[in-house]
Amino acid sequence: MRAMQPYETLDAVPAPLLDIRDLRVSFDTPHGLVKAVGGVSWSLSPGETLGIIGESGSGKSVGLEAIMGLIKSPPGHVSGQVLFDGRDVLTMAERDRRQLRGEKIAMIFQDAMSALNPSLTVGTQIAEVYRLRRKCSQAEAERKAIELMDRVKIPSAKTRVGCYPHEFSGGMCQRVMIATALALNPQILIADEPTTALDVTVQRQIMTLLAELQREDGMALVLITHDLGLVAETVDRAMVMYAGRIVESGPVDALFETPTHPYTRGLIRSMPRLDGASGALHAIGGTPPAAGRMPRGCAFHPRCEQRVDRCLTERPNLRMVAKGQAAACHLAEETRHD
Amino acid sequence: MPYLLRRFMQSLLLLFVLISFVFVVGRIIGDPALIMLGTSASETALDQLRENLGLNQPIWQQYLVFLGDLVQGDFGVSFRYGFSMMPSDALRAEGTPVLPIVLSRLPATFLLAGTALVLAFSLAVVLGCLAAMYPRSWIDNLVNVISLASVSVVQFWLGLILIIVFSVQLGLLPTGGYGSWQHLILPALTLAARPLGRISQVVRSAMLDELSKPYIAAARAKGVPEWRVVFVHALKNASIPIVTITGDELSQLLTGAMLVETVFAWPGIGLLLIDSLGRRDLPMVQAGICVVAALVILVNLAVDFAYTVLNPRIEMDNRGGRA
Ligand SMILES: Nc1ncnc2c1ncn2[C@@H]1O[C@H](COP(=O)(O)OP(=O)(O)OP(=O)(O)O)[C@@H](O)[C@H]1O
Ligand code: SF4
Ligand SMILES: [Mg+2]
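As you go down the protein sequences, you meet chains P and R in turn. 1 is the number of the first residue of the first sequence in full-length UniProt numbering; add one for each residue after it. 1 is the number of the first residue of the second sequence in full-length UniProt numbering; add one for each residue after it.
Treat the hints with caution; some may be incorrect.
Facing chain R, a subset of chain P residues (Cβ under 7 Å, in silico) [to be verified]:
#1 M68
#2 L70
#3 L83
#4 R101
#5 G102
#6 M113
#7 S114
Simulated from the structure, these hints should not be mistaken for lab results. Glycine residues also receive a C-beta, built at the ideal position from the N, C-alpha and C atoms.
Construct the complete structure from the given sequences, taking the supplied hints into account.
Written out as structure tokens, the structure reads:
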């Protein structure tokens with residue numbers, strides 16, 4: 001099975017910063033083993049922006065938590081390889097993995113308010129890891145926190161460094177999260193739906209800020225989102241996930257112009273045409289399968305209009321359909337030719 | 001009215017009600033003069049004593065005098081301390097004031113309760129955190145057994161078992177008394193059992209709660225070491241239920257100390273109260289109860305105060321807090 005996954009072909013540039021190979025995540029639950037991520041492979045080059053799209057429950061967050069080494073075992077099981085600069089994150093000692101977090105890979109979350117500790121000041125939280133790793137004084141850590149707050153454009157940073165998260169708005173909390181993530185100059189920033197909880201104008205501001213920081217620091221950015229418009233605007237490459245697997249990936253222009261997988265096509269069709277605020281993912285008929293009850297064959301077949309007999313029994317693998325573009329659908333090759 | 005001030009007024013009212021209750025009970029259980037001098041005393045001696053103690057005045061007047069004396073810190077004189085056994089002498093002798101005697105027993109009680117508290121609290125935090133870090137593991141199960149056992153064990157019985165094992169059988173520690181750290185170990189352990197069990201259960205569940213929250217995942221994601229995630233990030237937010245239960249246990253600890261003192265002949269207020277009850281020394285009992293009650297109320301106030309300091313978000317005036 002693994003040998004058939006053409007992950008090499010998904011690499012954009014020869015020396016990837018992060019190379020994920022056949023990553024699988026499952027959980028022991030009272031109802032049996034639940035497969036949340038079923039073998040995904042992808043890679044990320046320095047400075048690149050990668051978008052991950054998919055319905056709720058498709059395994060986007062779990063996959064990235066696994067990359068960060070944050071899946072607790074039990075009940076979680078993680079297999080495959082997560083190569084960062086050639087070293088496998090999954091097999092390294094927890095010490096080294098923790099060193100990697102913050103220092104090399106940082107993460108920001110959907111609901112920044114609840115991702116901040118309510119009883120520590122924002123300054124403490126922003127500079128916490130900086131202080132621990134650089135072994136600096138409290139005063140120096142505070143200076144660093146103020147500097148970072150300035151960078152993410154939190155007004156009057158000097159006076160607000162001692163405030164608690166509940167004294168900030170949602171957008172400001174997300175800025176605090178971003179400042180926290182930047183503290184050690186990571187090479188990769190993972191943003192798990194960073195703007196979903198915010199209203200539209202604040203969403204724009206946060207995305208502009210992220211793009212700006214990325215330009216200044218040359219960080220690679222992995223952006224998980226439901227918002228196809230956001231993907232179209234900000235990312236270089238995108239992956240579409242369905243039921244724990246990648247169903248299509250490729251340069252974002254190609255994906256939007258020539259979507260190959262029926263699911264991707266459905267997503268793009270369901271996008272609001274005129275400056276709609278966000279692309280709803282619900283316009284495709286039916287619902288995604290529960291992680292515990294995966295259909296045989298192609299996981300998308302119960303909802304697929306182009307389904308053929310093969311789809312019920314045989315799972316399609318990712319295959320190249322155009323330069324840099326791959327799709328997991330039995331009809332993929334035919335699609336390319338029409 | 002500020003929250004803490006309101007709590008303080010409530011406490012004063014509570015103390016007043018309790019003191020009145022003590023007074024009423026003191027009069028209901030029988031004629032103090034008869035209790036003091038015994039049934040063999042002559043009627044003239046009894047009358048004389050009633051006169052001296054103001055017992056022949058109307059009850060409401062006695063009550064007012066009692067309150068007035070209390071306000072001045074005068075809890076009366078002991079029926080026993082400072083009296084000779086001869087009833088005739090008793091009439092002439094000036095009894096010793098009870099309050100200083102009660103207060104002189106405080107350090108012993110504090111030492112016992114304080115040691116038990118520190119012991120119970122620190123052990124409970126460590127055990128509860130460990131259990132929450134590894135839910136459903138053998139550590140969790142062990143902590144569960146320990147806390148269930150220590151909550152349900154009868155203090156009196158535990159004390160006796162400890163004495164039998166460590167003092168009688170092994171001969172390692174004294175059976176009772178006061179003076180060295182060896183004397184402190186068994187009573188402190190006995191007293192610590194119950195709060196240890198209850199606090200560790202609360203620590204466990206509060207920590208489980210906190211550890212599953214998003215900010216914990218975020219702290220791990222940014223590379224905070226696990227000990228800091230648990231003992232700084234999570235524990236800080238779990239501290240409110242922990243402080244609350246510890247505060248509740250603190251008043252129980254004071255009252256529990258009374259009992260443990262009698263088991264181990266530990267010369268604190270509890271032992272004094274039991275002795276005074278046995279000697280029917282009414283003023284001493286009254287003073288003892290009032291002092292213990294005042295302590296319990298003070299402790300509850302202190303806990304409330306700690307509460308406000310710990311949680312910067314609590315708006316004290318609209319909080320439906322502890323009773
Ligand atoms: N600890 C766990 N135990 C059991 N199942 C889990 C656990 N964590 C996640 N899952 C399952 O894994 C699947 C993928 O979840 P994940 O959070 O990755 O979805 P997502 O794509 O991020 O969705 P969303 O867009 O809602 O964030 C879900 O079906 C979820 O139920
Ligand atoms: S493999 Fe079959 S069911 Fe799956 S997306 Fe392609 S056509 Fe549809
Ligand atoms: Mg998610």
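Now the hints, each set against the structure:
The interface hint given for M68 (chain P) holds, since its Cβ lies 6 Å from the closest Cβ of chain R, which is under the 7 Å cut-off. Residue-level restraint check for L70 (chain P) holds (minimum Cβ-Cβ distance to chain R is 6 Å; threshold 7 Å). Annotation: L83 (chain P) was flagged as interfacial toward chain R, and the flag is violated, the nearest CB pair being 19 Å apart, outside 7 Å. Using the Cβ-Cβ criterion of 7 Å, the hint placing R101 (chain P) at the interface with chain R is satisfied: the shortest such distance is roughly 4 Å.
Taking 7 Å as the C-beta contact cut-off toward chain R, the hint placing G102 (chain P) at the interface holds, the least distance being around 3 Å. Residue-level restraint check for M113 (chain P) is violated (minimum Cβ-Cβ distance to chain R is 9 Å; threshold 7 Å). Because the beta carbon of S114 (chain P) sits about 5 Å from the nearest beta carbon in chain R, less than 7 Å, this interface hint is met.
This entry does not satisfy hints 3, 6, going by the numbered hints stated previously.
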